[in-house]
Each structure stands twice: as structure tokens, then as C-alpha cells.
Amino acid sequence: MTSDLDDPDSFVNQLGDDVYVSLAKAFNFNEDGSTDGDVMSEDQLSLVTSGYAVASSTIASSDTGEAYDTYFAEQIGNITSVDQLMNDDKLVDYLRTAYGLTDDETDTFISAALKSADIADAIGLSDLHDAFNFDEDGALADGDAAQTSDQTTATTAAFDENYQVLVANTDTEDAVDNYTTRIASVTSIDDFLVSNADDDDDGNDDLPEMWEMALRAFGIDSTEVSKSQVRKILESDPTDSKSYVNGLNDDRFVAFRKAFNFDSDGDVTVPLQAMSESVVDDYAAYYKQNKIRYLDGDELTEATDAADDEITYFREQMATITTASEFLADDRLVSFVLEAKGLDPDDVTSDQLKKMFSSDLDDEDSYVNKLDDNRFAELVGAFNFDQDGNISAQPTGTVQQRGDVLETIDSYVRMTLEDDQGDSNTGVRLALYFQRKAPEISNAYDILGDSALFEFFTTTFNLSSYVSNMDVDKQAEMVGNFIDIKDLSDPDKVDNLIKRFTAMYDMANGTGTTSTALSILTGSATISADTLLTMAQLKSG
Numbered sequence: 008m009t010s011d012l013d014d015p016d017s018f019v020n021q022l023g024d025d026v027y028v029s030l031a032k033a034f035n036f037n038e039d040g041s042t043d044g045d046v047m048s049e050d051q052l053s054l055v056t057s058g059y060a061v062a063s064s065t066i067a068s069s070d071t072g073e074a075y076d077t078y079f080a081e082q083i084g085n086i087t088s089v090d091q092l093m094n095d096d097k098l099v100d101y102l103r104t105a106y107g108l109t110d111d112e113t114d115t116f117i118s119a120a121l122k123s124a125d126i127a128d129a130i131g132l133s134d135l136h137d138a139f140n141f142d143e144d145g146a147l148a149d150g151d152a153a154q155t156s157d158q159t160t161a162t163t164a165a166f167d168e169n170y171q172v173l174v175a176n177t178d179t180e181d182a183v184d185n186y187t188t189r190i191a192s193v194t195s196i197d198d199f200l201v202s203n204a205d206d207d208d209d210g211n212d213d214l215p216e217m218w219e220m221a222l223r224a225f226g227i228d229s230t231e232v233s234k235s236q237v238r239k240i241l242e243s244d245p246t247d248s249k250s251y252v253n254g255l256n257d258d259r260f261v262a263f264r265k266a267f268n269f270d271s272d273g274d275v276t277v278p279l280q281a282m283s284e285s286v287v288d289d290y291a292a293y294y295k296q297n298k299i300r301y302l303d304g305d306e307l308t309e310a311t312d313a314a315d316d317e318i319t320y321f322r323e324q325m326a327t328i329t330t331a332s333e334f335l336a337d338d339r340l341v342s343f344v345l346e347a348k349g350l351d352p353d354d355v356t357s358d359q360l361k362k363m364f365s366s367d368l369d370d371e372d373s374y375v376n377k378l379d380d381n382r383f384a385e386l387v388g389a390f391n392f393d394q395d396g397n398i399s400a401q402p403t404g405t406v407q408q409r410g411d412v413l414e415t416i417d418s419y420v421r422m423t424l425e426d427d428q429g430d431s432n433t434g435v436r437l438a439l440y441f442q443r444k445a446p447e448i449s450n451a452y453d454i455l456g457d458s459a460l461f462e463f464f465t466t467t468f469n470l471s472s473y474v475s476n477m478d479v480d481k482q483a484e485m486v487g488n489f490i491d492i493k494d495l496s497d498p499d500k501v502d503n504l505i506k507r508f509t510a511m512y513d514m515a516n517g518t519g520t521t522s523t524a525l526s527i528l529t530g531s532a533t534i535s536a537d538t539l540l541t542m543a544q545l546k547s548g
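In terms of my numbering, the sequence shown opens at residue 8 and continues consecutively.
If you're looking for bench data, these hints aren't it; they were derived computationally from the structure. Nothing here was measured: the structure is a model prediction, and the numbers come from that model. We put the CB at the ideal spot given by N, CA and C, even for glycine. Treat the hints with caution; some may be incorrect.
Pair by pair, the computed Cβ-Cβ distance ranges are [stated by the list, open to error]:
no.	residue 1	residue 2	range
1	D90	R507	32 to 38 Å
2	D370	D499	26 to 32 Å
3	D110	L302	54 to 60 Å
4	D494	S248	17 to 23 Å
5	E38	S202	26 to 32 Å
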């Protein structure tokens, strides 16, 4: 770090490893360890952060693609030979994606193609050769750069085009299968943080890591937090206001922490109850939110008191439940959990509930898993009952409740679709985002304060974006004229809004026809896991 980079005999230059030279170049230390200004410039910081993002992420996403572009743009100007380029795995990966190279085309092929036009032509890599200015010795003529600005622009464009295909083709179903398989055997934070590359399965090395999927399910990109920070978060007590996770002042990380059953020693710990304490807390919070969301004044006070009474009853009675039959026999408890999930108790019969609670959650063809609304499977998974309706240690002895696993997977797939459709299909991204956020909208100001929801609203009702220049209270009044906010808790009415949005979006964009992805999205009032996975495989249309 304190070596003189201009001195060929300095310590770092004598190591003979460009990695250490690059590390030294990322900082501005003098030989005595002091600095004349900032330790790192903005460009140096950008290079390090983009390099970290590329190296640490196993998820093909728009954010990772942008990090690759930044890294390539900042590094390619430092390349003076083919050997130097080939020693940088991230640059080689970038070229593989940009020029559609498979694993069958070894690094030796790439190196040879960069040096020789004849070899490049013979093995079909002329476009790669022509993108660089190396001679047959792999060096550069005096005054030449590895690429001209036009060549760099062309390479970046090729990468962006091919990387979008890679994002679209990311095998979400394999990632989900890997998560559910591995999470079932996790007994500690150490297990949870074991990389796919280090477990016993050789076939999952290229899939997203478990912690990356879990983070993304809560809207957190894996580049926002280090692996050591993930450990600290999971070791934290979310009920302690002074704990590490609460000190981050970010509700996303608190929600992420609450989704797992780790104790302060990093081990899984769950008491044997019909519903674990953390899940009881979640359902109590969901219920109260749904009961008071649209109220104010005296109505809010009365509804809060009534909700608190129901929560007290729910907590006390759930502590006594030992079988699914006992639970289903208590209409008050059943109504409570259904309403907590945003479901109308009048829409579900006793026979349907019995079939749900006797379903095998691990069988994709079981009754509850074939329902269009995935919330029913999440509800069943929130309980620690086996198929016979008895309390079982199997679902409680795992790091995540089965319902939490289903919610994590559902959220991960939704977030993946929203992120990855964003660049190529804005309509799908907005529709998915609205469907996810609709039940959380309490008033018109929630729509006005969220640019994506506001765009959905203005598109749906063919309003000019200039309405944002109106007085904010007038805007809120206008929203109320078009949408009854209470309707947003009804999946059927949300679906009708999405269908209207689809028609108006197509009209505004001159397509005249609904895209395949939007057709699937508006095909039913809810969106099941199978539908999400189907959408994940769609190319943008």
C-alpha cells in the first residue's frame, strides 16, 4: 500500500502480481503511510465498489450488469497486453458475455483470438479480435490503447445486450428449489452462510446464494451489505432497540432479521407451539394494520381498541392450541388469521380450510399449493402442524417457518421480476410493483409520494404527469376521485385496475396488444407461485 508504483524495484512491483498493483493503485498513500489529500478519489472508490459488486454477486441483475460496465470502463484503459487482460477474471467474464463465448471456448482460445486475426477468423472470434488493438505478440504499438473509445462503446453495447438475455434466462425455479432444499437443513448462521460452491451439491455452484436471495426478498441488494454484516444482523435481537440491526435504522434489515429463528449464539431455536412466537407477533401486527389502515379520529381509536382486544384473545388462545382441529373449531381465531393475511373469511368454507390444513406443503400438486392465491399456502405454513393436524417438531426445528420460506421465495421472485423487467418491460415492472404495494396503501399521499405508484396511477387514468405541479392536497383529492383507497385491499378490484392499466399502457406506447407477461399478470385476481415462475422465464416483448 505504501510502495512506489513508478519504481520497478518497489515491493509491490516485485511481487509480480497485477492484483496487488491494482490494490495499491486504488489508494493514495505515500511511502510513509500518509496522504496528501483523500485516501481514495471518487474514481478509485467507484472502481473498488464495482469490482466488489461483480466479484461478490451470484445473481444476474441490472445492478450487477451496471457494476460490470463500470469496472470494464475504468480498467480497460490500464491494460497494456493480452496477458495482463487475461489475468483479470472479471474482464475475461465481461468479454465472454459481450461476445457470446461459452465455457467450451477456453481462455487459451480467447488469448489467441486477441493476438491473431487469422486464428480469430478460424475459430469464429473475429469480432472479438477486431474490438482490440493488440499485435501478434499480445502487446500494443507505441501510442496505441487496448481499445479506442468507439471500440469500448461497441463492446459495452454488446455486453449490455447479451447480459439482459442472461438476466431474463436466470433459472429462477432452480434457485428456488436450491433455497428450499438447503434452508431445510440449516441449523446455525454458519450453515446459512455456507456458499453453494462449498456445500455437497456440485450442481448449484452458479445459483444465487441463500443469503442473497433472502436479502433480495426484502428489497436489499447483496452489494449493500457484506457477509460479515449479514452475520451481525442475524445475531442481533430485533426486540432490543440498541441491537446492531436496529442501529442500522433500516426497516428492511429488521424485517429480514425477523424472518429467521436464530438466537444470539447463531443457533436455531424455536419453541414447540402451534404457531411460533415470532409468527404470532407478525400476525398480530398484520391484523392491526389491516383493521386501522384507512381510519382516523374516533373511528381509529375505536378500531385500535377493538383490534387490541382481538390480538389479546389471539395470543392467549394460540398458546393453548395443540391440533389443527382445535384451531379450525375456533371461528374467531380462523377469522383473525385470514384477515391478517388480507383474506375475507366469508370467501372460505370450513371444508376448504380442512383441505388446506391436511395438504402436504412439499407436494406441488397438493390442494393448497394448487390454489391460485399463494397466501393460503403461506398461512398453512405459518403453523407447526403435520398432515395429521398435530404439532410437529419438524417444521419448528428449522431456521425459517414454512410460511416464512414461502413468503421469502414469493418476495424474491417478485423482486427479481420487478428488477429484471425494469429495463426491458416497464409495464410489467409497474404492474407487479402496484400489485405488491396495493394492500399497504393507506391514503392518497402514499401514491403521490411513490414515483412508481404515481406513474401507475397517471397511466391507468390517462392523466398528464404535469398534475404533479398541482397543490399536493388537490392531487390527493384527485386520487380519491379516481380510486377508493379501501378497494386496494380487495385483490379483484386491484386486478381490475391492473387490467385498465394494461390497456392504457399499451395505448400510450403504441403497441396495440397486451404483452404476454402482462396477460399472465392480469389473468386472475391473484398471482400464484407457478405464475410468477412462468413470468420469470418470459423474454420481454
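The hints, checked one at a time:
no. : hint                       : verdict
1   : D90 with R507: 32 to 38 Å  : violated, 59 Å
2   : D370 with D499: 26 to 32 Å : holds, 28 Å
3   : D110 with L302: 54 to 60 Å : holds, 59 Å
4   : D494 with S248: 17 to 23 Å : violated, 37 Å
5   : E38 with S202: 26 to 32 Å  : violated, 38 Å
In summary, the structure is inconsistent with hints 1, 4 and 5 from the numbered list given earlier, while agreeing with the others.
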